[in-house]
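At position 18 of the sequence shown (counting the first as 1) the number is 18 in UniProt numbering, and the numbers step up by one without a gap.
Honestly, the hints are just simulated from the structure, not real lab data.
Be aware that a few hints might be false.
[Stated by the list, open to error] Now the in silico label distances, taken between C-beta atoms and shown as ranges:
id : residue 1 : residue 2 : range
1  : Q211      : T145      : 28 to 34 Å
2  : G24       : G87       : 25 to 31 Å
3  : P138      : D58       : 32 to 38 Å
Keep in mind it's a predicted model, so treat the numbers as computed, not measured.
Don't be surprised by glycine CBs; every beta carbon is placed ideally from N, CA and C.
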Amino acid sequence: MNPDLLLALEFSTERASVALWQEGQILATHQDEGAAPSERIWSLLDSVLAKAQRTWEDLGGIAYGAGPGGFTGVRLACGIAQGLGLGLGIPLFPISTLECLTEVAPHPRVVVALDARMNQVYLAAYERQGEEWQERLPPQLCHPTDLPDLPAGDWWGVGSGAVAWNTLLDARWGPQWQGTVPGLFPHATHIAALAGQARKRTAGVSPAAAQPIYLRQRVALTRAERGL
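Using the sequences provided together with the hints, build the complete structure.
As structure tokens, then:
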């Protein structure tokens, strides 16, 4: 076992991805243009290990996108991570799907918002201080009518929810809102990078203690809410 070798899973959005990370380097990665293919996931994981010429027994930890995000994908990633962690006797590193987008954010203050469906978004805000990002708004589920106030400063939006709600966010936050950076999605390479940083500070969590981050109890509108 190599404690610095991490397998990362990110299934919370419509772009499922896996990656293998060691000491600051991505050894192998794979992305599917679609939701997490549960029937093919093990072959994808095997292929990433094979590309890097590693085996399951080499792994020192499993990192996964813990959410918030798509219910099925988040639950799948957590379940696979738990199974691998228990089977291999290695720790897990749950990483916020919102926080992982700070890895590719091109501005020092970002609002990360992901589509939560039902006319809502998962939202958090982060500000870079030196080499680290500080949370300025905690992860929350937002409707257009209950958006929080932004901390002082100019802010850019990243994520599918920010792009889709750009006009609403501009109207709500006015001159603080600088617009969005399109084309950025959570990816296993981002999860791996944050887990690598966490690995220096913590031993991770036991597989039995790992949980998804849902933020929402309901996953669908009622018939009345859908007008049926």
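Hints, verified against the model:
no.	hint	verdict
1	Q211 x T145: 28 to 34 Å	holds, 29 Å
2	G24 x G87: 25 to 31 Å	holds, 27 Å
3	P138 x D58: 32 to 38 Å	holds, 36 Å
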